[in-house]
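S.K.: Given only the sequences and the hints, what does the whole structure look like? Please build it.
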Amino acid sequence: MDLRVGNKYRIGRKIGSGSFGDIYLGTNIVTGEEVAIKLESIKAKHPQLEYEAKVYKALSGGVGIPFVRWYGTECDYNAMVIDLLGPSLEDLFNFVKRKFSLKTVLLLADQMLSRIEYIHSKNFIHRDIKPDNFLMGIGKRGNQVNVIDFGLAKKFRDTRTHLHIPYRENKNLTGTARYASINTHLGVEQSRRDDLESLGYVLMYFCRGSLPWQGLKAASKKQKYDRIMEKKMTTPTELLCRGFPRTGGLSSNRMATPSSTGAMMTRGDDPSPSSFRRATNNINTVKKASPIMPAAAGPSVNDLHTTNERVNLTVTVYMIFQGLSPAFWGSLADLWGRRPVYLMTIAIYCLSCIGLALVNDYGLLLFLRMVQAFGASSLIAVGAGVVGDIAEPARRAGYYGVYSMGQLMGPVIGPIIGGLVAGTIGWRWIFWVLTVLAAIMLTLVFLFVPETLRSLVGNGSGYANPTPFQYFQHRPHQQPVNTPSRFLQRPHFLAPFTYLLQIDVFVGLLFSGLLYSCYYCYMLSATSLLNDYYGLTTIQIGLCFIPSGVGCVAGSFVAGKIMDRSFRAALVRYKTVHGSEVDRAKIPLDFPIYHTRLHTTWPFFLAAQGVTLVYGWLFYVHAPLAIPIIFQFIMGFCMVFLMNGIQTLLVDLFPGRGASITASNNLVRCILGAVMTVVVDPGIQGVGVGWFFTIIGLILICSNCLYLFVLKTGTHYRTKRHEKANPQQEDEKAGPPS
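Numbering (the UniProt record's numbering), first residue to last: 1 to 738.
Since the hints were derived computationally from the structure, they do not count as laboratory data. This one's a predicted model, so the numbers in the text were calculated from it and none came from an experiment. We put the CB at the ideal spot given by N, CA and C, even for glycine. Mixed in with the good hints, there may be bad ones.
Under the rule of at most 16 Å between Cα atoms (straight-line distance), these lysine to aspartate or glutamate pairs were calculated in the EDC-like manner [what the hints assert, rightly or not]:
#, residue 1, residue 2
1, 155, 128
2, 720, 590
3, 154, 128
4, 140, 33
5, 140, 83
6, 155, 189
7, 171, 189
8, 712, 590
9, 14, 34
10, 45, 76
11, 140, 34
12, 561, 392
The calculated label-pair distances, taken between Cβ atoms and stated as ranges, are [to be verified]:
#, residue 1, residue 2, range
13, 159, 610, 23 to 33 Å
14, 498, 167, 52 to 62 Å
15, 420, 238, 36 to 46 Å
16, 724, 159, 51 to 61 Å
17, 497, 572, 36 to 46 Å
18, 366, 224, 45 to 55 Å
19, 121, 675, 15 to 25 Å
20, 238, 351, 44 to 54 Å
21, 121, 224, 27 to 37 Å
22, 140, 675, 29 to 39 Å
23, 170, 695, 39 to 49 Å
M.R.: This is the structure we're talking about:
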């Protein structure tokens, strides 16, 4: 007989059972996909399956939370169809003869704590933490720990007011006695701390092979529970932790033992799993590796005796200084020249990498990351300034596209090389490799890169800040620039900030910065999402960064070609209307520069919004891996296309000030990127990966008004800016300069 539920799922053999129902292997008759089907008799004395399905729905979207595909009643049974998972941790524990290695326990603990933390963030407590309720995934998610069985779960606080449930006593024991907290035995209303205490017993069970209160006999169940409680309360910490490492963690701190953790917390305390996780960080020598951080390689948590949160702080600090530093160097580059700033900043970067390779203190690490960003970030602004110096407007977008391609290769090869270096010869060697590369670049710039700032060398025939070859080949007719006092002049360090006071500039930078920060969300979340939802290894995750980087490189190249073609077409139209050529070194006020640079970008801006709205839900429904990877490629392509359009427009608007205006662009991007560094993980944990990226997509859609504002009013603000700077020319007719 072909038994089905929901007219879609065929019931197969029984694969498990519990106190509140049986579990069967099922098959989707349309796709052939295997699922798990939990059945409960409608005549059950205490039916719980409907409630459990509602809890699953409330927790949906979280990593390691099975997805409920269908719930309903069929004949005499309530039925729930959920994702099919692999063996439980209890099954695996028995398979390896009841003893996990410390490495295995720590890796499991990291994921189990994350699952409990997510459940608590949704205002629920599990109340039945035990090895049987943690199952491994299957297939590509085979190394992901999943949590199941929410029949006993309960809300511990109001969703709207966050008021905690009241303190009560004389409650019956809920859960499994072996792992229940002492307060649960005492009849106290359970809270978050009790889930954590139970998890502590589970981890000790994995390390020890058994718990001291296992195997106790009694005449009745109540007497047995009383004996278990008494044994838990009287077992010394030293006995419970015997055989554990003595380098911190569970064996060295009374607060770290499960029973004392529960006993010493009050109901007002927030037993954050992240704080409980820190108790074991000192002995966690096998933390999961992840690809190199987007800004730079992060040092080992254990080598520096710190936490992941503090290491992630170095990324935020790096991005803040990466945003602020170009304001300093860009002003110098527009006054002293490009070449001196190149040499100074690369030297600073090289020295900071040496320090980072040798650092043994977290405070010094944080400082050196600031110095590293201070040196490295200038290349973004100065490089854009060089492009503005050497390229006329009709070819500027193409030049900037090539320049951006080199800049964007870092996110492509960085995660791969960084992961390989850190995984083979250690994380410190990442900074030694960067030191060598910086030294090579410093040598090449010193020997071969000439000065390009037009106020110093004009069209290149001037003589200033010479290379060694220029110095020895100096020709008599090649006059040195007569500006020896420029190094004594006071740079306009606030210039990049004053550009933000220009309404058209600020609005343009804001909507492009929003798109950049959205792309940063993709990159920041990629490691954890690919690991949690697809079970990829570190090297596999590193390879998954390649399509995104390739999209950026392709977008940069294509943007340059399309924008240059658009500019040449605009020149032809302008000549047809005005009957005169445009001076390509100076764009006239009535030339439609905003429309010319931006009108080709809008299809890609809309495409970025569309893929972002959908992107998070691809993980939620476990779409084939190729689909989110393709979406990352599209996002990278679209982001760079728009960024190049904005950057080229800014250099057109402020000729000769390319470094300073690029510093303004970099400032806005990095501030918004730093904000995303802080909110991306809590956001995904709080609302789920699907809704998080939907919200980001809606923000991008709202920014369409900023895009239209620049297109419609940009020429007006440019004209006002020109009139303010040249009041004597207010009455001149707009047009190409004579």
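S.K.: Hints first: check each against the structure and report whether it holds.
M.R.: Tested hints:
1. 155 with 128: holds, 14 Å
2. 720 with 590: holds, 12 Å
3. 154 with 128: holds, 11 Å
4. 140 with 33: Distance ~15 Å between residue 140 and residue 33 Cα, so the pair holds.
5. 140 with 83: Satisfied, since the Cα-Cα distance of roughly 14 Å is no more than 16 Å.
6. 155 with 189: holds, 12 Å
7. 171 with 189: holds, 6 Å
8. 712 with 590: holds, 14 Å
9. 14 with 34: At roughly 13 Å apart (the allowed maximum being 16 Å), residue 34 and residue 14 satisfy the hint.
10. 45 with 76: holds, 14 Å
11. 140 with 34: holds, 15 Å
12. 561 with 392: This hinted pair holds, its Cα atoms lying about 14 Å apart.
13. 159 with 610: 23 to 33 Å: Taking Cβ atoms as reference, residue 159 and residue 610 lie about 32 Å apart, which means the hint holds.
14. 498 with 167: 52 to 62 Å: For residue 498 and residue 167 the Cβ distance comes to about 59 Å; the hint holds.
15. 420 with 238: 36 to 46 Å: holds, 44 Å
16. 724 with 159: 51 to 61 Å: holds, 54 Å
17. 497 with 572: 36 to 46 Å: Check passed, 38 Å falls within 36 to 46 Å.
18. 366 with 224: 45 to 55 Å: At 54 Å between Cβs, range holds.
19. 121 with 675: 15 to 25 Å: holds, 20 Å
20. 238 with 351: 44 to 54 Å: Given about 50 Å between the Cβ atoms, the range holds.
21. 121 with 224: 27 to 37 Å: holds, 35 Å
22. 140 with 675: 29 to 39 Å: holds, 32 Å
23. 170 with 695: 39 to 49 Å: The hint (39 to 49 Å, Cβ to Cβ) holds, given that residue 170 and residue 695 are roughly 44 Å apart.
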